[in-house]
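Visitor: The listed protein sequences derive, respectively, from chains R and S. Residue numbers for the first sequence, in the working numbering: 1 to 281. Residue numbers for the second sequence, in the working numbering: 1001 to 1526.
Bear in mind the hints are in silico, worked out from the structure with no lab data behind them. Keep in mind that a hint or two might mislead.
What the hints assert, rightly or not - Here are some chain R residues pointing at chain S (derived, C-beta under 7 Å): (1) L38; (2) R79; (3) I130; (4) T134; (5) Q181; (6) Y186; (7) E269.
All residues carry an ideal CB built from backbone N, CA and C; glycine is no exception.
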Amino acid sequence: MFRLLQTGAGIIIFAAGVAPLVGQPPQPQAPRPGRSFLISRDVPDRAAVERGQKIFVARCGFCHGSNANGGESGPDLVRSVLALDDEGGDKIGPVIRSGRPDKGMPAFALSDDQIKDVAAFLRSRQQAAIDRSTYTIQNIVTGDAKKGQAYFNGAGRCNTCHSPTGDLAKIATKYDPVALQSRLVYPRTQRPRRAEGPEPKTVPTLVTVTLASGQTITGRLEYIDDFDVALRDAAGDYHSFTRDAGVKVDVRDPLAAHEELLKKYTDDEMHDLVAYLETLK
Amino acid sequence: MKLRRLVIPVLAAACLSGQGLDPAKLLKLPVETWPTYNGDYSGRRFSPLSRINASNVTAMTLAWEYRINMGPGAEGDTSIKATPLEVNGVLYFTVPDHAWAVDARTGRQLWHYKWETHGGIHIGNRGFGMYGDWLYFETPDNYLICLNAKDGTERWHVEIADVKQEYFSTPAPIVVHNHIIVGVGGDSLDVPGYLEARDPETGQVQWRWNSTPRKGEFGADTWPNQEAMEHGGGMTWVPGTYDPELNLYYLGTGNPNPVMAGQGRKGDNLWTCSIVALNPDNGKLAWYFQASPHDTHDWDAAQTPVLIDGQINGQPRKLIAQASRNGYFFLLDRTNGKNLLSKPFIDLNWSKGVDAKGQPIPDPAKEPHTNGTLVIPASGGASNWPPPSFDPETGLFYVNSSSSYSLFYLTDIEDKPEGYGGRDSGVWSEVALKAIDYKTGQIRWSHEYGARPGGGAGILTTAGKLLFTGDPNGNFIAYDPATGRILWHSHLIANVSNGPMTYELDGQQYLLVGAGDSLYAFTVLH
């Protein structure tokens, strides 16, 4: 017994037992690679979106709001089931042309192309709400720089390791405020996808392994779990050890002070520190 | 118990003609069969098997390994998050759009089914439900698919939610009586959540329970207006548990929408972030307990609510416990939802304590703000969907927990925000396996893995005095459940990505675990 598997490259024949059994719903539409995983439908053409926006603002915005998220007399179209169900104007077109007299919506004589453009604009508004990875973080420099400086040199003891004229000189030109806030809290971090500035440097963690024989070896920590530890020594050579009884492992985390502070900061202290670091330009 | 184990091979031989599931198995502890997502209805993930035990686990070795092959055009995350079912010597499991049957003794593939997708977020699939000869699973584009267990051929598919509204589905259906209980997910565009029972023969709707009220219904006064509650979220994305004596189905519900912007939905936002008890025959709500009133941090209360038959003040009690994503451990009376204990299992900074009903009181200062709010736990939570375990022999509830900080930003300051309305950026996390005394909420022991992200592993406990789970470093580990001492480990190709399960065939116990795209079966050879 053989079954057919339709692929982009044509039809491949598999022997039964190995072959996937293909379900056949109507009009398969696979998500496309190279775009946010949150967006699985086609992204509309930019020029069509811009044309559609002009039409929408002029003709529809008075009731539906210029961003299509609803107004005094017209419903939200960003989360509208009908607008989400639409493909190229096939659902919204008839509503635009006939109006909804029972709900006070007049008919609009838009052309086919104009309706397609309005549909493209609505899809772009929906996708802007759907794709949270593109949301813009607003101004976060709201703290008091003087208080931040006092915290830096006082309660936070940041000046134990850092200096505004040394490692932190011009730090505000290297990172945008969002990246700066994230890095000051903990420098090894998942940065917001759109943050500006260079990739953060990795701060090495040092480890010393003492073997049962008393021999010690020190280097940059490469890997550690409950069972094994690995490091790279000053010559760049790799060493790994099983953590048997008698093997002592001493990890020196240079970020221990950040970890400690992270559990103590108030949000105001954090915002004050950002404001202070923003003065280092 | 011993007698029963001796008899099983004989019974199995007598029943060789059937591959389907005897529904009576759903009401028993999982021995030679693992017939439902959690092994049985209780959500305890405690196995009575003990051939692999604390005295021989050091000799546990690989029996077989099976690596999935999705074929050309594979989409999305390929990690095995499903807990396989094991029925009459065959394992059944899924990843998004794909399903397999393999021989439970050898790992040999029997069949592979592939669904051609219409889209939807391909983030994971938690597996099958089974009714007689039929298997049921959900897809990212929200189809419920019924397959013939014998050969993987499709019997029918029905749509259970609209992918164009940004629903996507991941749960394993749970079979209670003749109801296929299915849930839905999706919080990108503020759609309302619901749970449905579907007919096992046709897939048609038997009942629907909405996780947010409609206008005029009980609970509507916890929302500011009709539009907010009908766009209020409350997804039903993790399989629930069931008490056959009380005939109640217990479900943890998802968070309210918009996820991080709460200004358009002032109020408690029922029944989001709640543990609810439903009649599985009609979907009627018996009681609710809200774990996170007015959540703004993506902390759903979808984590498995685990049934515990315990003792409180010397009295036998029907209890239910959850280690919730917001960092609280809750213990309730499962007959009426009355709270008995609310205690954090990590240090958290968002709550001002609990109210008279035992429900946490959120601190408005720790809601997302435009300039960033530093909150523990992060949006991924102190716990998440990976199944916990309760061991009735130790009286301890086990959970892989994450002490994680995140900066939460409010990005949509409109009166009526849409979508998430905010974003968060994780800054630090520390993962630990914790053993919680269910009566007091005290952490009896904790095994910390250090400052690192992770925590996607489920947990299994057994009568062999063993606890199995994964660490964030790709190790599959056996612990002593009483003390937290490590007894055995094996490094796998990836982190443990599902809930480990176990079964016994021909007098041989197998320990099965998924890690990335591979299933591993371990055993102790006799």
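Visitor: Which earlier hints turn out false for this structure, listed by number in ascending order?
Guide: Of the numbered hints, 4, 7 do not hold.
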